[in-house]
Structures are given as structure tokens and as C-alpha cells.
Amino acid sequence: MIGVFIKKSFNLVFNLSLLIIILTIAIILNGSNNIEKIFLESFTRDAFSNFFKILILSSSFFVLNSSKTFIIDNNLAKFEYPIIVLLSILGMFFMVSSNDIILFYLGLELQSLSLYILASIDRDNLRSSESGIKYFVLSALSSGLLLYGCSLLYGFTGSTNFDLIAEQLNKENTGAVFAMVFILVGLAFKVSAVPFHMWTPDVYEGAPTSITSFFAVVPKVAGLAVLIKFMFIPFSNILAEWQTIIIFISIASMILGAIAAIGQINIKRLLAYSSIGHIGYALAGVATGVISGYESAIVYISIYVIMNIGAFSCLYLLKKDNEYKESISDLSGISKKHPILALSFLVILFSLAGVPPLGGFFAKFYVFSAVIEQKMYTLAIIGLLTTVISAFYYLKIIKTIYFDDSVMTFDVTKNKIAQFSIFVSCSILLTFFLYPSVLNNLVDTLFIK
Amino acid sequence: MNFPILSTLIFLPLISSFFIFLSKEQKNNNSAIYISLFSSLATFLLSLFVWHSLDLTSAEFQFLEEKAWINDFIKFKLGVDGISILFIVLTTFITPICIISCINSVKNRVKEFLIAILVLETFMIGVFCSLDLVVFYLFFEAGLIPMFLIIGVWGGPKRVYSAFKFFLFTLLGSVLMLVAIIAIYWITGTTDVTQIYEIKIPKNYQNLLWLAFFSSFAVKMPMWPVHTWLPDAHVEAPTAGSVILAAILLKMAGYGFLRFSLPMFPLASEYFTPLIFMLSIIAIIYTSLVALMQEDMKKLIAYSSVAHMGYVTLGIFTFTKQGIEGSIFQMISHGLISAALFLCVGVVYDRLHSRMISTYGGLISYLPKYSFLFIVFALAGLGLPGTSGFLGEFLILAGTFQKNYLASMIGTFGVVLGAAYMLWLIKRVIFGNTNNVEIKNLNDINNLESLMLIILALLIILFGFYPAPLIDTVNISVDNLINNYTIAIQNSGVN
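So the sequence lines, in the order shown, correspond to chains Y and B. Mind the numbering: the first sequence is residues 1 to 449 in this note's numbering, read in order. Mind the numbering: the second sequence is residues 1 to 495 in this note's numbering, read in order.
You may find that some hints are simply not true.
Stated by the list, open to error - No farther apart than 16 Å at their CA atoms in a straight line, the calculated lysine to aspartate or glutamate pairs in the EDC-like style are these: (1) 158(B) with 404(Y); (2) 337(Y) with 405(Y); (3) 319(Y) with 330(Y); (4) 158(B) with 405(Y).
As the list claims (entries may be wrong) - Over 10 Å on every C-beta distance to chain Y, these chain B residues come out as not near it, computed from the model: (5) 159; (6) 168; (7) 183; (8) 454.
In short, the hints are calculated from the structure, not lab data. Keep in mind it's a predicted model, so treat the numbers as computed, not measured. For glycine and all other residues, C-beta sits at the position ideal for the given N, C-alpha and C.
Full structure from sequences and hints, please.
Set out below in C-alpha cells:
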């Protein structure tokens, strides 16, 4: 996985990392989906972890690939960059594959430590360093809580293995319920769900865009995977207890994501709030506590990944005089000078808003059909009303792009790779309605019970 | 029928818009207009063919198409019956007219405008063809995107506000419908409309579900008090946008009531009839009064649309044959009349760039052809016998009379108000003194403009004297609708 450490040549290392990612995808695809547990049953390989590994890898591939020009332009081209990304991916692999609290925690820490470095990788930039520190302090706190929860769980159930914990847990075990709360807090922090979201806007804005796009996509996937895994295996017996918490977190995230984003003027900050909202929708699927709900959450996060890769790749094209623009007002009237870029923005933003017939609509449709199946009408109605509110700020960007007069012309960039990512993302979103059940069929095979 | 004719109908405009997207934009090169005109006319002919080959003696859905879509449980199902075919033909008929109208009125970004119109046409035909709730919702909502852009990009000075209001109002209404659609799926196990007709939805669910659908249709219709987006949207939208909005988008809601609310929730429909009657009556009287006081021509026509839609809802919820047929007739005729009126306003707007009534006056002396046509449309709008506007209102009021004496009385009073604002509009715009010197230098309508207006005028008069083609088409379907409805009501009485 990580045999990369030669010379000071960024290009070589970067390309090698991409190659490694592709190779790993190939290896996983070749391997079987049968359940296998190794290392004293602490590490599993099954369809669930394989799916998430592929999702993590392919999204990192696109994120890394399309950010290359940006990295070079901003003098971030250090050879450590791709290596640290790979390290964090390794951490996520352990997270999604772990079947044991200790291994899970180790993976989580490996991932988090790499992310701290990434957030502050632009050392000479005050905002970047600030975001790194901020993320580090808050994240360390949440890791502490999580670890405390893990130790409580061990103390009350006498085991660190997920399957054994699941057998031991029941409603009478009050201590374990406490442990569950602590672990949930830690995980909610990692996926930046309200009320543990405070770091998100600052870090998103402060970190370089290439890092932000990585933050917005990859750790979210891993975090949600682990969250689902925790709910599905160790905590399956105390469903009623965690369900209320998740419902609350989900509603709070949806509302905050919708309302707080309205006033934003920086696109990255706005995307941060929008990602909080999206996590809220995905958690609404988790909150159902049934397999169809988990599946819908997984479908949701996959489509979310596609949309965000497209959105961030668009940001790479907003370049003028070697400076990347991040303010919404800079987008004014780009539809006249850059019709294709504007059209891609249009597709992605309407999809984020969940307007049919784009991919984002189906994501929401699956989640809410799972939610309504469980007769959780309040959650569904609040969720759908927040989509209307959040539609407002997506429309505001579209308004800036299409209705306002143009103020600046961006450089005609030859950033073929970013354009390729945008093209892939938009065409998936546009044609999703032709075969809307592709993802579902895939996800259907993940849960065996 | 193996050839997927309805899919072709739906996706033909979409495919041609893709070609326009690829076509090169050059000065003095109208290839985009030719492509779009050609494709929309082809769609129109195809829809006429569907209408012609439709078996009118059967109430069954025809030209059925089914394709597994979402996880085998939701099917992409299309089909038409007597009611929907009329709306499809209306859509395909109005679209080429819009395209012709934008040759004169849209000056910048013509290519994008045509793409938006054609994409919108795809979604509109889709709404009227779909026989599955999810497919219906998909098309119903998707139409918001092109309309939002049409208002926002090519609209007037307050376009941003109007476009946002239009989008958010409609979206807010529709999300509740989405909840209801999903709930229906979990109650009945299907979203296929024809199957839901047969499975009776339990009574305790019906009221809530009906309200959820109502929230969406009431906004779209628009019914008082959620009609406020309409005048704004109409005023700011470009001519072609207003035409499509008035002629077709508003009809989606009326169609939705007929296709979904009535047959799926008969008990709730009966239960909420007083509510609908009350809102319709308020809409008719209130918006007619508001229309009287307007100084902006487009706003006046927009408010008159709300009043006319009030008649439509009134007619639909009488559950009598006259009422429902009258409503359908009224929708089609209003589609033609309001389209024509907005085009008329567009014609003078292109010349003087003002929609204010006070700008005009005494047009009859300088624009005789235009004035004649304008008077024809305005008279049709007030429901003069001999135009299609009269028949619709007459049938609706006749239907209402059987159900509710009072509603019918007040409704008739609304006709008088309608005559008042329309006649006053004619008086101020066409007759009277010419205060504005610029009017003297105006050119009368050119060939292209007269072509589209004369076609519309002929149709309006034709249907006024000879409504049989429309009535015959819907006859059996409406009979079937009312039969099923009566059976459902009687059964519930027995239990």
C-alpha cells in the first residue's frame, strides 16, 4: 500500500500514488466478497467493507487527480502530500474493515492524524495553519470522548470484539448505553453532524481547496460507514436508545445546514454548510434502524460524493491571474463567458438541491421512502421542508451565475483533468434517471442477515 | 402497438435540444430556430397522430408503455386517455407558437432560450403521459428548472425576485406531495396509477393524502391564497415564458386533480368539496376585483387567469358531467386565449417596451389588424358566446347549479366582473385618445405575428361554435371517472 518514499520529485510520487490507488481498486475487485475474519476476528473483509473501500479509493482518485494543477499552482507540491493522503486512506481502510474496537480506534487515529497534517499543509498560510490547529484541538477532544466510550464499552461488556459486544448488550446495561452516547459523539464529530459541526466551516474555508475537497468527500464516507457498522453490529440491540439521538442529530443537521448556509459569501464555506445538511439527510436514513434505511444512506452518500467531486472540480477552474477565486460574487455572469462551466455548475447545484430528474433527487427519494416506510412522518416532513430552504441558497448561486452581469473573465484553463472529473460527475447526475436502481442493486448485496 | 410512440413524443424535443446545443452559434444564422421549429412541429404532428388513432370509445389507457425502472417496484409507465391527449396536443401546439414568437422578442442568447423551451416541452408532455406517481412527480418538478431560468435570464427588471418566488412556492407545495406519494407506496404497495384506482385507499388516510396533493396542485393552479407568485412570474417572464406558464403549466394542476385527486381519493374529494368551492368563489370574485385595478396589462391577464382557474376547480369538484367536461374545455380554451392575450401584449411590448395600460390608447387608428385580433381575444376572455371562453364557463356553471345553488350564483356574478375588466382594458388600450406620440409611428403586426395570432383566433372561434372534437374526446373518460367516483361514494355509504 505505502511503499512510496523516494526523491523529492512530487510528480513521480503523485503518479505512483494514483497508480497504487488504481491497483488497489483492481485487487479489491478481484478478491472475493465472502466474509473472512482475520487477526483474532478483529479484521473483516466482506461486501460491505469492500464497497466502501472502492468508494473511498475511487473518490480519492478523482479528488487527487483533478486537484493536481491546483496543488502545483499553489506551491503545495511536496512529495509528502500524496503519501499522507494514502496514509489517511489506509486509516480509513482499517476503520471500515475493523471488527474490533481497538483496531477501529487505531484506524481512526491514523486517519485523523493524517488529516491534521493535510489541513495545515500550506504552512506559510495563516488560515491554513489556523484551520489545522482548530481541527486538531477539536478532533482530539472528540477522539478522547470516543476512546472513553470504547473503554466504557469494554468495561461493561467485557469484550472488544463487535460481535461479542452485540451479544452482551441489552437495555439493562446502562453503562453500555453511556458508552454508546460517547461513541456516537465521536463519530458525529467525524462526519461533522450538528451539534459537533463547529470545525467544518472554518476548516473548509481555511484549508487549500484541494484539501477541502478531500475533507468534504473521503472522510465523510469512512465516517458514515463506521457509523452504520456500529449501529448494525454492536448496537443493534439498543436500537431504541440510539435512534432518538440519531433522529435529533439528523434533524439538527438538516436545519442548520439549510439555514446557516444562506448568508455565506464564500463558496467553500457554503459547501461546508451544505455538506452538514447532506450528512443530516444520510443520517435520516440511518435513523430508521432497518437495513433498507442503511442502504438508502449508503446510496445517498455515494451520490453526494459524485456531486461534491463535481462541485470542487468546478472550483479548480475559477482561476484568474494565477489566483483561485472562492467568493460567490466572483461567479457573476460566468454563463456568458464560460457557458459549459456554468452549465456544469447548474447541473451540480440543482442536483445538490435535490430537484428531479437529477441524481440528487433520487438520493433524497430513497432516503425519504425508507423513512416513511418506518412511519417517521415528522422526520420526513422536516427533511423535505429543509430541502426547500436549502434550495434557496443553491438558487442564489445559480442566480449569480446566470442572471447577474459578468464582472470578470477567468483564464482559459487547460485543466483537462478537472474538466474530466466535472464531465464524469455531470453525466452521471444527468443520466442517473435512466437507470436509477444501479446503485441500489449494488448496495442490496452489502448486508447479510 | 410496439413502437414506443409516447416516449418518442416525450423525448423528441429533448433530443433536438441536444442538437441545438451542439449547433454553432453564428450571427444571422438561424439554424437553432429552424431545428427547434422543425422538431416542435414534428412533435405536434406526432401528437395529432396519437389523437387521431386513439380509440375514443374506450376509457382504458392506450399506447401503454412499461419499463422496469427503480428496483422493479416502480415502473416507468406511460399511457394516454381522452383527457390527457387534449393537454398533450395543447402543449405541442403552443410550443411552436412560442418558438415563432421569440424570433421577434428574444434578442440575446437565443440558442439557450430555445433549449430551455424544448426541455420544458419534454417535461410537460411527460407530466400528461405518465401513469406512475413517481414518474409524474419527476416531470412535474423537473419543469421548474427550465422555467426558473426562462424567467430569471430573459425576464424583466424584477426577474430575480419573481423567479425565486415561483421556484420556492412550487417546490414547497410539491415536497408534501412527494411525502404523500411515498406514503401511498407503503400503503398500497404500488405507485402505478391504474392499480391504485382499483385498490381502495383506506378512508382514514385519504384526507391527509388528499391535502398533501392539494398543497401542490393549489400552488400550481394557482388557487387563492397561494396565487401570489403568478402575477409576479407572469409580469417578469418574457412573452414566450408567460405563454407557456399560462397556457400549459397552470393546466398541470387541473389535470392533476382529475387524474389523481378525484379517482384516488374520492371520499376525501367529497369531504373537501366545500373548501374547494369556497376558495374557488373567493378566487373568482377577489381576483376579478383585483384585475379591475391593475395598470399593467400582463398583471391584469395574470389575475384573470387566477379567476378562470377558479372556475376550473369549481367545475372539477361538482363531480357532474357538465362540470368536469366544462372544466376541461375551459382549461383548453383558456390555454388558447391567455396564450393569445400574452402574445398580444408581447407584440406591443416589443415595440414600445412598456406594459402599462396608460402608455397605450387609441391603437385602433394606427394598428387596425392588431386591434381587431386583440378585441377578439379579449372578448373570448370575458366569455362572449361564440367563442370557446363562453362554452367552458357555461358548462361549469350549469354543473355547479346542480350541486350548489349559491356557488353558481356568485360564480355567475364573476362573469360580469370578468366582462368589466376585459371591456375596460379594451376601452383603454384599443379605443380612447392617443396620448402617446410614439404610437403614431408604430408598424402594424408583421406576417409572422399575424400568422400565430390568426391561427389562435380561428381555433378559439371554431371551438366556440363547434366544440364537438374536444367534448367527444373526453366524453367516455369523464363518464368513467364519474362512474368510479359514484361507486366509491356509494360503497362508503353502505359500510
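Do the hints match the structure? See the list:
The hinted pair formed by residue 158(B) and residue 404(Y) meets the criterion: a straight-line CA distance of about 12 Å does not exceed 16 Å. Our distance criterion of 16 Å between C-alpha atoms is met by residue 337(Y) and residue 405(Y), whose separation comes to about 11 Å. For the hint linking residue 319(Y) to residue 330(Y), the alpha-carbon distance of about 10 Å falls within 16 Å, and the restraint holds. Between the alpha carbons of residue 158(B) and residue 405(Y) the distance comes to roughly 14 Å, so the proposed pair stays at or under 16 Å and holds.
Annotated as non-interface, residue 159(B) brings its C-beta within 10 Å of a C-beta of chain Y; the closest such distance is 7 Å. A Cβ of chain Y approaches the Cβ of residue 168(B) within 10 Å, the least distance being about 6 Å, so the stated non-interface status is violated. Remark: the non-interface label on residue 183(B) conflicts with the geometry, its nearest Cβ contact in chain Y lying 6 Å away (cut-off 10 Å). No Cβ of chain Y approaches the Cβ of residue 454(B) within 10 Å, the least distance being about 35 Å, so the stated non-interface status holds.
Figure legend: structure checked against the earlier numbered hints; hints not met, in rising order: 5, 6, 7.
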